[in-house]
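Visitor: Sequences are here, hints too, so could you generate the full structure?
There are 2 protein chains.
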Amino acid sequence: MRVLILGAAGMIGRRLADRLVHDGLPGRGPVSALLLADVMQPVGPPDLIAEVRAVDIASPQAAADLIAWRPDVIFHLAAIVSGAAEADFTLGYDINVRATWSLLEALRLSGHPVRLVFSSSVAVFGAPVPDLVPDDFHLTPRSSYGAQKAICELLVSDYSRKGFVDGVSVRLPTIVVRPGAPNAAASGFLSGILREPLRGVAAILPVDPVSEVWVASPGIAVDSLLHAAGLSAQGVDGGRVINGRGISVSVAGMIAALRAIAGDAVADLVMLAPDPRISAIVGSWPKAFACDHARSLGFPVDTGIDAIIRAHISEELGGRIGGA
Amino acid sequence: MRVLILGAAGMIGRRLADRLVHDGLPGRGPVSALLLADVMQPVGPPDLIAEVRAVDIASPQAAADLIAWRPDVIFHLAAIVSGAAEADFTLGYDINVRATWSLLEALRLSGHPVRLVFSSSVAVFGAPVPDLVPDDFHLTPRSSYGAQKAICELLVSDYSRKGFVDGVSVRLPTIVVRPGAPNAAASGFLSGILREPLRGVAAILPVDPVSEVWVASPGIAVDSLLHAAGLSAQGVDGGRVINGRGISVSVAGMIAALRAIAGDAVADLVMLAPDPRISAIVGSWPKAFACDHARSLGFPVDTGIDAIIRAHISEELGGRIGGA
Chain Z
722 MRVLILGAAG MIGRRLADRL VHDGLPGRGP VSALLLADVM QPVGPPDLIA EVRAVDIASP
782 QAAADLIAWR PDVIFHLAAI VSGAAEADFT LGYDINVRAT WSLLEALRLS GHPVRLVFSS
842 SVAVFGAPVP DLVPDDFHLT PRSSYGAQKA ICELLVSDYS RKGFVDGVSV RLPTIVVRPG
902 APNAAASGFL SGILREPLRG VAAILPVDPV SEVWVASPGI AVDSLLHAAG LSAQGVDGGR
962 VINGRGISVS VAGMIAALRA IAGDAVADLV MLAPDPRISA IVGSWPKAFA CDHARSLGFP
1022 VDTGIDAIIR AHISEELGGR IGGA
Chain L
722 MRVLILGAAG MIGRRLADRL VHDGLPGRGP VSALLLADVM QPVGPPDLIA EVRAVDIASP
782 QAAADLIAWR PDVIFHLAAI VSGAAEADFT LGYDINVRAT WSLLEALRLS GHPVRLVFSS
842 SVAVFGAPVP DLVPDDFHLT PRSSYGAQKA ICELLVSDYS RKGFVDGVSV RLPTIVVRPG
902 APNAAASGFL SGILREPLRG VAAILPVDPV SEVWVASPGI AVDSLLHAAG LSAQGVDGGR
962 VINGRGISVS VAGMIAALRA IAGDAVADLV MLAPDPRISA IVGSWPKAFA CDHARSLGFP
1022 VDTGIDAIIR AHISEELGGR IGGA
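Chains as they are written, first to last, in our numbering: chain Z, 722 to 1045; chain L, 722 to 1045.
Keep in mind that the hints were calculated from the coordinates and are not lab data. Since the model is a prediction, treat every value here as computed from it, not as a measurement. Treat the hints loosely; a few may be bogus.
One copy or two, it doesn't matter: identical chains are merged, so the pair holds either way.
When the alpha-carbon atoms are kept at most 20 angstroms apart in a straight line, the in silico SDA-like pairs for lysine to any residue are as follows [stated by the list, open to error]:
#1 LYS1008 / ARG882
#2 LYS1008 / HIS859
#3 LYS883 / GLU807
#4 LYS1008 / ALA988
#5 LYS1008 / ALA978
#6 LYS883 / GLY956
#7 LYS1008 / ARG980
#8 LYS883 / LEU952
Guide: Here it is, written out as structure tokens:
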């Protein structure tokens, strides 16, 4: 099984590569070769089967070159993130739509309809949304990023319907706890209020603690992509766009779980500093999804915010709380 | 008011041009100049304000040339129709997506966010659909044409959100009675079973007469596009994609109305000859739409299938039934 990861240098891409090297592809067997591509040279897992490649997927020849490697399965995670796509309209469309479309065209012309797992986002939805968003809810994205993801879902589904690719789009929830440095995404604080206190650093909470959010752990996000890659033909028959499973939790609930696990000194490092701009963005996000389709297909889900926090402490902090 | 019609040679485009010349643009005043563009040289209405132009909108320069004419309002009706887009995948995407996107890009670069009325289609929906499709129902197109229209709706809305254009997408129902020769569209028989008998010619009915369909007259389709062009900023605030109003009618009801208006001899020219392929396609179409949004915005609607038939007899047959 030859597997290509596009966007392999990101947090999800790196975790996914590790899983593929160690565990293979669920339902599809071991991975014999892994091509890790990103605009930056990705850091591969320490294994001989992985090849790394720096690729500008906006270039006309890039997609054809990647498909010439003859992947059996492709994970397409490469994207300009929401804030950046909103700030640079042309760059967002070039990478998030034109490059994805070029990939689909290269697959069509190759004549090999391989399984393509496309990493989409709940940003395809826009306010007003019901408290529990059903699987058949309409798309009214309020960001270019969301519009771009929705356009690519339509392309992936139509190319699949025509037999040019065997695609599945998975709309991932907001990922917490993201490791690494804080980023500028509006959702960044949702990781920050857990990650920073756990290493002994104060974190800003810019929204009302009663705010409810829809989240998944990095581990479940990767498991969801792997599950999508393993779906049978019958599995994708009911629709190739899947609302990935998450959990609905209030920000207050996140902090309470942090307090229960790490103590008052850690939880008290979260500082409430309301930001109307971020509050408005977060307030427009769906709070929870029904995910009937994903559940019926056996997609994985986190057991709770406490398990997410414990996994972060174990995986990213070596079990230590409170910094070095 | 300078008005550009893209796809002006089609049935809707010709009617729209006539209306603009004679009645102006509702809520926006008289039309001082009209540019009629199509891949074929359109036939303009007999009026000095109209200029006609043959344009290949797939060419890179075409959109910029049209925008250089400085339209105040654009009606974009140009498309490869469903059957043709399904048969020629590349042509469908070139015209139905890439050319529309080029138009939006030319508008963005021009710096003039003019009102753009984009003619979309209920083909953005796919089975399974409820008996009454709500405005917030999701898009699962079962044709490349439907996927292409959905993609363009997303583009029009996102370019509008960013202020690059002031766009409205209207999803028109199946148009009956289409004048002219029969075409190869799966929906063609819905016009044929009225149009052909009314001129004394037999027509094939390929589906079960109990089939229910969602239709609008050519006149209401044009009125809907004109209404969309006249919507205020407040009017588009609730969403820039609008399910255009139609009426739900059974095929048996259509034939009964034909019989009541034109008599048994005419209605008996409809010959039942079931076609499983067409039955399957028609069976997958939505039967009715709630259209709450369009109703609240005052979009027009036909009063019934009998009025649609009478309008066709008056407008297209000079009041005469049964042929020359």
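Visitor: If a hint holds in the structure, say so; if it doesn't, say that too.
Guide: Tested hints:
1. LYS1008 / ARG882: neither (31 angstroms within a copy, 23 angstroms between copies)
2. LYS1008 / HIS859: Classified as both: same-chain Cα gap 16 angstroms, cross-chain 18 angstroms, threshold 20 angstroms.
3. LYS883 / GLU807: This pair counts as between: shortest inter-copy Cα distance 9 angstroms, intra-copy 32 angstroms.
4. LYS1008 / ALA988: Neither. Shortest intra-copy (23 angstroms) and inter-copy (55 angstroms) distances fail the 20 angstroms Cα cut-off.
5. LYS1008 / ALA978: Answer is within: at 19 angstroms inside a copy they meet the 20 angstroms cutoff, but 50 angstroms across does not.
6. LYS883 / GLY956: Classified as within; 17 angstroms inside a copy, 38 angstroms across copies.
7. LYS1008 / ARG980: neither (23 angstroms within a copy, 54 angstroms between copies)
8. LYS883 / LEU952: For LYS883 and LEU952, the Cα distance is within 20 angstroms only inside one copy (18 angstroms; across copies 38 angstroms).
Violated hints, listed in ascending order, are 1, 4, 7; each of the other numbered hints is respected by the structure.
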